[in-house]
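Respectively, the protein sequence lines represent chains A and B.
Numbered by this note's numbering, the letters in the first sequence go through residues 1 to 186 in order.
Numbered by this note's numbering, the letters in the second sequence go through residues 1 to 202 in order.
Warning: the hint list may mix true and false statements.
[Unchecked claim] Computed list of chain A residues with no C-beta within reach of chain B, every gap over 10 Å:
| no. | residue |
| --- | --- |
| 1 | 47 |
| 2 | 59 |
| 3 | 110 |
| 4 | 112 |
| 5 | 116 |
| 6 | 178 |
[What the hints assert, rightly or not] Computed Cβ-Cβ distance ranges for the label pairs, DEER-style:
| no. | chain 1 | residue 1 | chain 2 | residue 2 | range |
| --- | --- | --- | --- | --- | --- |
| 7 | B | 94 | A | 46 | 37 to 43 Å |
| 8 | B | 180 | A | 71 | 42 to 48 Å |
| 9 | A | 85 | B | 11 | 33 to 39 Å |
| 10 | B | 171 | A | 71 | 24 to 30 Å |
Please keep in mind that the hints were generated in silico from the structure rather than gathered at the bench.
A virtual CB, placed ideally from N, CA and C, is assigned to each residue, including glycine.
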Amino acid sequence: MLCHLTRRMISRAEDRGKKMPGWAERHSARCGACREYARFAASLKERLSGEKPALLAAVPDFPLNEARWAEAEARRGNREVFGRRLVAHPFPVAAAALVVVAGVLILFQTVLREPSPSPEERAAALAGLRSLTAAPDDFMGIVTEAESALAKEREILERSVVSAVEYLQARLNIKIERRDPAAKSL
Amino acid sequence: MAEADPIGQRTDDELARQARAGSRRSFEELARRYKRRLFVYLRPRLGSDEDAEDMVQETFLKLYRNIESYDPAFRFSTWLYTSANRLAISSFRKNKVLVGSLRAEEAGTLADLGPGAGGQTDRAGLWEAARSLGVSQFRALWLRYGEDLSIDEIAVALGRSRLAVRLLLHRARLNVMMRVAPAPNGAKAVAKAAAVRGTARK
Numbered sequence: 001m002l003c004h005l006t007r008r009m010i011s012r013a014e015d016r017g018k019k020m021p022g023w024a025e026r027h028s029a030r031c032g033a034c035r036e037y038a039r040f041a042a043s044l045k046e047r048l049s050g051e052k053p054a055l056l057a058a059v060p061d062f063p064l065n066e067a068r069w070a071e072a073e074a075r076r077g078n079r080e081v082f083g084r085r086l087v088a089h090p091f092p093v094a095a096a097a098l099v100v101v102a103g104v105l106i107l108f109q110t111v112l113r114e115p116s117p118s119p120e121e122r123a124a125a126l127a128g129l130r131s132l133t134a135a136p137d138d139f140m141g142i143v144t145e146a147e148s149a150l151a152k153e154r155e156i157l158e159r160s161v162v163s164a165v166e167y168l169q170a171r172l173n174i175k176i177e178r179r180d181p182a183a184k185s186l
Numbered sequence: 001m002a003e004a005d006p007i008g009q010r011t012d013d014e015l016a017r018q019a020r021a022g023s024r025r026s027f028e029e030l031a032r033r034y035k036r037r038l039f040v041y042l043r044p045r046l047g048s049d050e051d052a053e054d055m056v057q058e059t060f061l062k063l064y065r066n067i068e069s070y071d072p073a074f075r076f077s078t079w080l081y082t083s084a085n086r087l088a089i090s091s092f093r094k095n096k097v098l099v100g101s102l103r104a105e106e107a108g109t110l111a112d113l114g115p116g117a118g119g120q121t122d123r124a125g126l127w128e129a130a131r132s133l134g135v136s137q138f139r140a141l142w143l144r145y146g147e148d149l150s151i152d153e154i155a156v157a158l159g160r161s162r163l164a165v166r167l168l169l170h171r172a173r174l175n176v177m178m179r180v181a182p183a184p185n186g187a188k189a190v191a192k193a194a195a196v197r198g199t200a201r202k
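Take the sequences, apply the hints, and build the full model.
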């Protein structure tokens, strides 16, 4: 692990031209393999530069296709001529641009613009709206039904409580009074 | 007495500035100087020498077309390799040339570089070892030691971060050393132990 880190530090020092940290230098002095790597990394530039001519000499020679450059040059020349024409004659160019804009506008108005809806389509849309507004009636009906069931439950519960109270009064000979809910909250 | 051609004595950046100003001769001189270097740079990822030549031609054509966009604040070589890299990537995407060589790279080696470069092992041994690395590691090594670019310039050319470039170079150095230098004692001991275990099993 220390060797791995030390070699990383050696490479870093090589790339950034900075000194290695002390611990890496101490380890490098002790470890033969890291010392060897440091030597190798330091000599690599000189060795690879020295071998570069041999590497390039081994590349097969080939001619450059300069005819294509001439084509590119001609095209670039045409572009420049067009640019110069634009600068020299701005009014015809502006007129042409106006014609193009007008053409686009006419095309939009006549072809691409959506037609207004027919009476049948309007009627269909209104029917759809009505069906939407009708929905709350059903909703209210469902709510009322649910509430009535709740009220019945409450009634039954109240009756059973009253009968229980009556039984307790008779049995224990006491009087039980119903408290006012408003007073309780106070 | 024949007068020495002054164009051959100009620096790359001077030539690039003149080419930008419209001098085709300066561009030709630049192309002449860099065609082999660019070939070496592009060759590992391509299937044949012909593909590499085509790519070199395409790169110079593209550079010539866009010579106005060259910024003299940068070195010409940085601009050249950045453009070459981008062109190579887009070309690979378009033509799917990459398939075979990618497989080779995944396996940790590159396709054979052909007979043109094969006979120079004793003279360019380190570069031969470098060519057997992955394409990215080889390119980082080439730009650093073959073209003497800085880490920042390599990062621009390869379209990577500086940290990624430093990591690539570190791995490349380790791998080249493993290929050219004899295995260290520790590795020898491990290999020996493995051999002994293999014999005992038999």
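Here is how each hint holds up against the structure:
Residue 47 (chain A), annotated as away from the interface, has a beta carbon of chain B within 10 Å; the closest lies near 6 Å. Non-interface call for residue 59 (chain A) relative to chain B: violated, since the shortest CB-CB distance, roughly 4 Å, does not exceed 10 Å. With a least CB separation of 40 Å from chain B, residue 110 (chain A) remains clear of the 10 Å interface cut-off, as annotated. Its beta-carbon lying about 35 Å from the closest one in chain B, residue 112 (chain A) satisfies the requirement of being farther than 10 Å from that chain.
Under the 10 Å C-beta cut-off, the non-interface status given to residue 116 (chain A) relative to chain B holds; the minimum distance is some 48 Å. With a least CB separation of 82 Å from chain B, residue 178 (chain A) remains clear of the 10 Å interface cut-off, as annotated. For residue 94 (chain B) and residue 46 (chain A), the Cβ-Cβ distance of about 40 Å falls inside the hinted range of 37 to 43 Å, so the restraint holds. Between residue 180 (chain B) and residue 71 (chain A) the C-beta distance comes to about 46 Å, which sits within the given range of 42 to 48 Å.
The given range of 33 to 39 Å is respected by residue 85 (chain A) and residue 11 (chain B), whose C-beta atoms sit roughly 37 Å from each other. At roughly 43 Å, the beta-carbon separation of residue 171 (chain B) and residue 71 (chain A) lies outside the given 24 to 30 Å, and the hint is violated.
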